[in-house]
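Novice: Sequence order for the protein chains is A and B. Going from the first sequence to this note's numbering is simple: count from 1 and add 3. Going from the second sequence to this note's numbering is simple: count from 1 and add 16.
According to the in silico footprint, chain B covers these stretches of chain A (three or more CB under 8 angstroms from chain B):
id	region
1	87 to 101
2	155 to 165
3	238 to 251
Simulated from the structure, these hints should not be mistaken for lab results. For glycine and all other residues, C-beta sits at the position ideal for the given N, C-alpha and C.
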Amino acid sequence: MNRKNIFATRWGMISVGAFIGILAALLQKLGNPGNMGICVACFERDIAGALGLHRAAVVQYIRPEIIGFVLGSLIAAYLFKEYRPRVGSAPIVRFVLGAFAMIGALVFLGCPWRAVLRLAGGDGNAILGLLGLTFGIWVGTLFLKNGYNLGRTQSTHTTVGWMLPLMMLGFLLLMLVFPPVSGQEKSGVLFYSQKGPGAMHAPLLISLIVGLGIGFLAQRSRFCTMGAIRDTVLFGQTHLLIGFISLIVFAFLTNLILGQFNPGFAGQPVAHTQHVWNFAGMTLAGLAFALAGGCPGRQLFLAGEGDGDAAVFVLGMIVGAGFAHNFGLASSPKGVGPHGIAAVIIGLLVCLFIGWTMKRKKA
Amino acid sequence: MSVTVDARGLSCPQPVIMTLDEIKKGTDAEIIVLVDTDTSKENVTRAAESQGCRIHEVSSAGEEYRITLVRG
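Chain B with its partners taken away, still in its complex shape (with noise of 0.2 angstroms):
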């Protein structure tokens, strides 16, 4: 099961947030997380990573994001 944060559009902190938030839910195995900038992908992998999380994939779109965390 995997659930799909949309972040795009959101300036920092809320995509940090958000993703930690599904994270402490603890209900999906995997968690996709949309982004639009950098800094916003930057930000999510390192906290998804102080959290215990891999990051399974970061592929790119346009000028999209779409950060797949798997659960450590």
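This is chain A alone, in the form it adopts within the complex (with noise of 0.2 angstroms):
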């Protein structure tokens, strides 16, 4: 019955943070963007440009390597009798999580795995975006110390936990039945940038082939970004640590030999040098993550597993994506958007009134 889940040690979780970071810098060289081998949030909101919930010419792209994420961490929750199919812990409070933490996140230009991508490939902003993060998480601390949750899952169907994995097949499928076409920024329904981050992109068998891998190995360990810094500043527990900084070393060590490491803080890749923004945006992402207990990655790992909550997160966030691009909320190499900072103080503000609000009831 005990049987050792070897992934869930400490070499375990290295062994995983070091296969992640490799794997994103060589995605990187096979034609992902700049310090953007893997980064859930931008690759989310790529996908809700794909399918026109946003219309950024440049950022639309059904991305494999979230299908396989999802894909990944289902089989690997079968195989090892995981599957658990879930739901009923306050799913709207979750979806509106999700939308704030892609505002956040796109105000900075990356999520908690992009940022320390960034910051393995040279760009000094990225330093200020992790800060924020932790800043942000450590908010978050304050209110589950607080009794702040969110309240009890009920097991459901099968079914249940079938629906985001089976939405990412079908992204798979209209991807394989509307390929791209050469010249074309429209493929049937989708939507394909000719330009820009969208337009880059390692073989989409490559992509998912990797995916699939991260999504059954991060199911195995457990590893979330967001718990890395929570569970350090919480309990003082660095086990889900050692995975976030193999992750940043390899990619490190993996830049380096790629020729992929550019040190500075202007002219980087995908990104801006607003500090204070990109210092504010990864503050409200890190809060939203803590509250909604997961890394945008761990998010859609959890929803493999059959955790229909963490589903409904990851829908928040490519609703969230869309509004981020509509609205001028995202940030680009320029700065932030129109109206970026509004929506950062509104995103706090939220987020600050659920933390408060949702706390246990005295026995």
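Need the complex rebuilt from these two chains, each delivered in its own frame; the hints are there to steer you.
Specialist: Below you can see the structure in the form of structure tokens.
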């Protein structure tokens, strides 16, 4: 019964971090955008664009890595008998947190995964983002200490847990039915960027296989970038943190070997140098991830193992990406969007409201 | 004397917070923690061991785990 999960050991965690770091740097070499071998927020935003939920022409592509993350986790969960369909723990709150997490991440231009990949590529602006992320998570731990929680889930029908994996399969199918056509920005129902980050991608099959591999290992190891910082702050536990650090170290080493390490602040790929808003954007994202119990990658892996509430968070992020680009909230290399600052402030207020009011009732 | 912490259906990090709170209270020698995911089982046992507790027994019934901790 109690067979040991080797991936959840110290060395398992270091190996998984190394695996992700090396593959992310390689995906960049194979065509993904600069310092964006993997970015859960950016890639979900690209999916939103490909579906036409926003019409920012430079960020439209169904990213197979995201599909792989969910399906890889689903496969691991079934193989190891950990598939648990469950739902009902404040789904609407998770949706809102997902939307604002996405908006915060797009003000910085990256999720926690990309923040460390940017650092590993020499982008100094990532330091501000990581400090903001840590600060946001720290605020989240204050709420956790004060009794904040999302309530209990209930186990449910197998089908419920299958909804997000099926959507991902649907996206993959759409991509095969409507493949990119050279020089055309639309193929069937899907939009494809002709220039910008959305036009930069590794070959579909490689992206999908890497995504499946990471999804599988991350489900086994419980890899979580937000949890890495949260558990260190909250419990002094560094189990997840060593995986996160391993990711940075191995991505950095791979970048050095591949000639992808370019230190500096100005002119970094898909990045801006407005330090205050790099910090504040990630503060919002970090707080939203902390209140929702997982980084954007972890939410995909949880959704793969049957967590319908994590799936709602993912959909919140995809819809949030639509708002972020339709309302001019997302940043660009030129700087923050026209309404990005207002959105960060509103997002922080909403998160604080959620954190203050959703407390455990005293027994 | 034993006390039961029911963390079923609660997501990370609630099961660990509740377990650590109970360990800190220090009133009972034996703490039984109920969880329903493998992740929570791993997190609770890891956290309890870091606090010097001994994992006396982990049993499963259906989709639930019952972890028995003994204060070190």
